[in-house]
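Enquirer: Residue numbers (the numbering used here), protein chains in the order written: chain A, 1 to 375; chain B, 1001 to 1287.
Hint data in this document are derived by calculation from the structure and do not stem from the laboratory.
Glycine is no exception: its CB is placed at the ideal position from the N, C-alpha and C atoms.
You may find that some hints are simply not true.
[Stated by the list, open to error] Between beta-carbon pairs, the in silico distance windows are:
| no. | chain 1 | residue 1 | chain 2 | residue 2 | range |
| --- | --- | --- | --- | --- | --- |
| 1 | A | G141 | B | A1106 | 37 to 45 angstroms |
| 2 | A | S43 | B | L1269 | 51 to 59 angstroms |
| 3 | A | S43 | B | A1154 | 55 to 63 angstroms |
| 4 | B | R1199 | A | G189 | 55 to 63 angstroms |
| 5 | A | S43 | B | V1114 | 43 to 51 angstroms |
| 6 | B | L1096 | A | F21 | 21 to 29 angstroms |
| 7 | B | W1113 | A | A116 | 34 to 42 angstroms |
| 8 | A | A116 | B | A1273 | 53 to 61 angstroms |
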Amino acid sequence: MSKETTIDLACENICKHFSDFTAVDNISFTIPKGSFFSILGPSGCGKTTLLRMLAGFEMPSSGDLLIKQKSMLDVPPNKRPVNMVFQHLALFPTMNIEENIGYGLRRQSVPKAEIAQRVAAVLERVGLAGSGKKRVDQLSGGQRQRIALARCLVLNPTLLLLDEPLGALDLKLREQMKIELKLLQKEFGTTFVYITHDQSEALVMSDQIAVMNKGKFEQVGTPHQLYYQPETAFVAGFVGDSNRWQGNIESQDGTAVRVSTNDGLSFKAKVSADKTVNAGNSVEIFVRPEAINVSRTAPSEQTDNQLICQVETILFDGAKSQIIAVEPESGGKITVTLPQTSDFANLQNADTIYLNWSAEQTLCFVDNPDNRGGV
Amino acid sequence: MSSLPATSPFKLGMWLLLAPLCLWLILLIILPHLELLAFSFTDPEQGSFTFGFYQEFFLEPLYWRTFVRTAVMSIMATILTLLIAFPVAFYIAKMLKGRSKGIVFAMCLIPFWVSELVRTFGWMILLRESGVISNFLQWSGLSAGPVELLYTDATIMLGLVYTSMLFMVVPLVSTLDSLDDSYIEAGYDLGGTNWNVLREIVIPHAIPGVVSGCIIVFMLSLGNYLTPVLLGGKDSLWFTEQIYTQFITRFNWEQGSAFGLLLLLLSSLIVWAGLKVSRQSFAKTMG
């Protein structure tokens, strides 16, 4: 570990058991300085418990937690170089904006004049200069987000924890805040640990994402890795949209396999090299709707997987519109993204479409009923 | 309701619903006070208008000193009750969860199912010269002879605080219950100590409960009759006792009326001053 000095947070075999279940199960990871690290998982996967252990509100049952190489186990929450943006922000309603942001500075016995100056500076950086005298309820949802961030960032924490802070916002504002959060993180250079169940939030903002399920990390990687090279069926199902089939392996040749789905389709697929599968194994198959080429005429060249289907339904959703197609012979169904080209402007139900995609884009995982992710 | 048009069918319903409250206010509060007002300004011999009964209050030191003493003791009882009730309420509202919370809260309530008179006698059984504590002290050799613990100001204070506790705990528990735990956690997370969090987050949030609890306890202590008389004895010098004496012992209804109105007026004045000093508004506290 030559870059040891740049690791802000290291968790070593962290476990948290409650009386009847294990919320966090032997997790180890490190977060380099200045990165945006997300923990993505369905509700109840233990991500909030993990975050609360980082903040110091829960004690790990076992394992160690190091911030800048210093164990935090005996350090109470008010002494950790960690601040948290709460799910509902927890801006103190009895104080105005200035007093809210100054709260942490007053705890460090910073002189009054300096507090005023640092509060004004941080307000300016989050784009809310001059609103220091306002009450919390006079601000909009997006402005409150920025105040909650400013209240933490003014203290220059080593680690900023964010507990799904965008959950309460409406869609448009959430999209806007994602970009804003990312920009603010870059600008301040603070290490962010962000937990969310919304994969789009995690994909857009993060440098690294850990996908968490049932108290364990399924995979840690860049958004790109998680999307294109998911290591488990859970990750493939949880990150991004997928066509998903149960099926069986018919034949195998190295990492290339031929699989048939339970509803009668047959594909060439790829298994990751480190996974061993045998003919007859029950598997799960994932193909992303946006990875499938769609054309209205038969393609000239041969590809790994080809289907001739009929349009069953068109789900119109602007740029994210999808076609649900049926293969007439088997009755198997497949969802593909509707191309926005002029060819498809007059596409109607029962029209014939030609689908093709490569074996690399057909991911195949040995079926493990315990491990099925949410979709 | 005021935004409804005058012809609205809801109008009649509203008045019917308000009728018991209005009857209660008019018959039991407003009418008696008007009667007291009339009494207090009437010279019983000539039937003419007089300020004499009010003058009597300010000219006779016994009366106004008793009032000041009553007010000061009530304020002290209120402060003591607050100091004891706040940790109790915080413990019930924030530290306890689920079943145990309900049980402890009920334990606070149960003593108040017994009448105040019986509870006060309970204190007398404990504290009198031949009472439980006195006997215990003699038995254990800590005291040579019987100890009289009744009939002192401290005993009155004890009784007042005990009687008032519930009326402070209930409003405090309900305001503290409404304080989301994340505010307290945020207070610690940003570097606050226990004292900082209490001072800057918990107390400011609990102020409406503190103020309403204090008003109730102060008014109850000021108007209490049983506790000071039973625990303080003949010399307790409580203002309600003076009113009782005027009405019942001396048959001086005019003087009693003047005292009654003065008690109302002066106690309202103290509450008003208290609200001013703590920069609270009555409407905000009640809303």
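Enquirer: Confirm or reject each hint.
Expert: Evaluated hints:
Checked against the hint of 37 to 45 angstroms, the pair G141 of chain A and A1106 of chain B passes, with Cβ atoms roughly 40 angstroms apart. The supplied range of 51 to 59 angstroms is met by S43 of chain A and L1269 of chain B, whose beta-carbon atoms lie about 56 angstroms from each other. Hint check: S43 of chain A to A1154 of chain B, Cβ distance near 57 angstroms, so the stated range 55 to 63 angstroms holds. About 33 angstroms separates the C-beta atoms of R1199 of chain B and G189 of chain A, a value inconsistent with the hinted range of 55 to 63 angstroms.
Against the hinted window of 43 to 51 angstroms, the Cβ-Cβ separation of S43 of chain A and V1114 of chain B comes to about 48 angstroms, which satisfies the hint. Checked against the hint of 21 to 29 angstroms, the C-beta distance between L1096 of chain B and F21 of chain A comes to roughly 23 angstroms, which is consistent with it. Checked against the hint of 34 to 42 angstroms, the pair W1113 of chain B and A116 of chain A fails, with Cβ atoms roughly 55 angstroms apart. Remark: the range hint 53 to 61 angstroms for A116 of chain A to A1273 of chain B is contradicted by a beta-carbon distance near 34 angstroms.
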